[in-house]
Amino acid sequence: MRTHLALVVGTFFLLAASAFAQDVQSSFCNFDDENQVSVQYNPAVKETPRMGKVWSPGVTLYVQTPLTLGNSTIGLGAYSVHFVPDKKNWTIVVNKNVNKGATYDSSQDVARAPMEVGELPSPEKTLQLSFGHMAPKHCSLRVYYQKTGAFAEFMEK
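Residue numbering for the sequence shown follows my numbering, beginning at 2 and increasing consecutively.
Okay, derived cross-link-like pairs now, DSSO-like style, lysine-lysine, Cα gap no bigger than 27 angstroms in a straight line:
#: 1; residue 1: Lys148; residue 2: Lys47
#: 2; residue 1: Lys97; residue 2: Lys158
#: 3; residue 1: Lys148; residue 2: Lys54
#: 4; residue 1: Lys97; residue 2: Lys47
#: 5; residue 1: Lys47; residue 2: Lys88
#: 6; residue 1: Lys158; residue 2: Lys138
#: 7; residue 1: Lys126; residue 2: Lys47
#: 8; residue 1: Lys89; residue 2: Lys54
#: 9; residue 1: Lys97; residue 2: Lys138
#: 10; residue 1: Lys54; residue 2: Lys126
#: 11; residue 1: Lys47; residue 2: Lys89
#: 12; residue 1: Lys47; residue 2: Lys101
#: 13; residue 1: Lys148; residue 2: Lys88
Derived by calculation from the structure, the hints in this document are not laboratory data. Keep in mind it's a predicted model, so treat the numbers as computed, not measured.
Using the sequences and the accompanying hints, generate a full structural model.
Here it is, written out as structure tokens:
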């Protein structure tokens, strides 16, 4: 009986962990020298973005080669990504704090840069992130949510 119960409980936790893992999406961009930049995120957004306020949808950026974003350099490692949406402009924020559930702290910011913004023809109900490989040392992060498409340019150093 105990073995059967342990098997049922173990199976439940395995299925729950598998369901959670399936919710996580990832996207990556390979530079021409095989270095990579990637993101992981959950498309089901828990927090609705508010104009002019930092939005933290739970995006983690992984950097395998030094990058520039705007005028800032981003070193190797993992970072949290936040956005500041506005009607005509968005800002991307790369932050050192990757602790799950941590409150955003601007003193941990590594980079901030304006994003190009456009309106999507039909609203996206879930968060969608993808990379476009634009040139040998140039990857563009594309963020789609609701009626907005926003783009940030990452350059390999």
